[in-house]
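Asks: Sequence:
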Amino acid sequence: MKKTIGSADALSESLATASTIQARSRMDLLSSAHRNPQEGARPGAGIMSNLTSHALLSTDSLTLRNVHCGGECRHRSVEECASSTQLVFPYRGLYMRHVGNDQVVADANHVLFFNAGEGYQVSHPLDGGDSCLSLSLDAAMLAELAPAALMSPGERSVFRRQSQRIDARAQALVALLRHNLDNGTIEPLEAEALVLTLVCRSLGPRTSREPTSTHARRRLADRVKVLLASDLSRRWTLAEIGREIGSSPVYLTQVFRQVEGMPLYRYQLQLRLARSLDTIGRYDDLSALAAELGFSSHSHFAYAFRQAFGRSPTDFRRSTQTHTAKESDSAPPPVVVS
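The sequence shown: position 159 = 159 (this note's numbering), numbered continuously.
By construction, these hints were calculated from the structure, which means they are not laboratory data. For every residue, glycine included, the Cβ atom is placed at its ideal position computed from N, Cα and C. Incorrect hints may appear among the rest.
[Unchecked claim] Label pairs and their calculated CB-CB ranges:
1. A216 x P188: 44 to 52 Å
2. S297 x S319: 22 to 30 Å
3. E187 x V250: 45 to 53 Å
4. S297 x R161: 34 to 42 Å
5. L189 x H75: 40 to 48 Å
6. A149 x D284: 22 to 30 Å
Could you put together the complete structure from these sequences and hints?
Replies: Structure representation (structure tokens):
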């Protein structure tokens, strides 16, 4: 499965035969993938997925994992099934999630909902695979945090739809959690508080909206999302996008705004800024990062970053850096609370 976790006993059983491996979900294999990365790989259409998982935070109330998928297979995977309800926050790359005849694009602008026991398939239309944070919450906590409008009537642990768009501040929380837990520069209690803030911001009224578009219009918007993600640095024009998609620029912009609730240009900007959150720690020269993401200048990038996240790129990078001259050179282990 794309991003859920099962027990170690279930993993051992699933490795007994190749057919059992194919029957079990990708997420069920992740619980021990950090011990042996290849154990996280699942056959799909004859190609290994190279799925790996690393526990960032584990407490009595929640488990947060960093999950990477190589995405070698472009076609749909065999049907998978989540063993527990999870919230998945993609932060790098893109994939498609298929539930029956419905599909959604999984990119950094969305949170995905994986319901326990719900079958689905995954495909990768672009090279490069994907990375995400996968969050499993205590059932009572999820029922308390999730708005009733998002859940199935009478089922407080079952989401009504596959995904929901998140805002820039939620993306910043995803990046801060990942960087700081990787670096060991955050205490478990603070990390748990940030996770709950992320959940509230992602599920709450601020970003919650009911989809009102038709199936055909959602598919059109999906094609635009994949096109944008294929080259984040490209400065697209509406005419170019229209030619690639096979639609008039006017119709395209109207449909995209109806489906996503925001203009197409702003959606692309948010994808670029989300990418900067992922890579900013690897750049000494932020002008180079700005150019790589297609911004016209460093000042343009810095302004957009501050408008979205409430701080400058330099301040954000400083908050995610691991060590100072007074700290040890050895990286601390991931935060795990028994």
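Asks: Indicate, hint by hint, whether the structure satisfies it.
Replies: Checked hints:
| no. | hint | verdict |
| --- | --- | --- |
| 1 | A216 x P188: 44 to 52 Å | holds, 47 Å |
| 2 | S297 x S319: 22 to 30 Å | holds, 24 Å |
| 3 | E187 x V250: 45 to 53 Å | holds, 52 Å |
| 4 | S297 x R161: 34 to 42 Å | holds, 39 Å |
| 5 | L189 x H75: 40 to 48 Å | holds, 44 Å |
| 6 | A149 x D284: 22 to 30 Å | violated, 45 Å |
Of the numbered hints listed earlier, the single one contradicted by the structure is hint 6.
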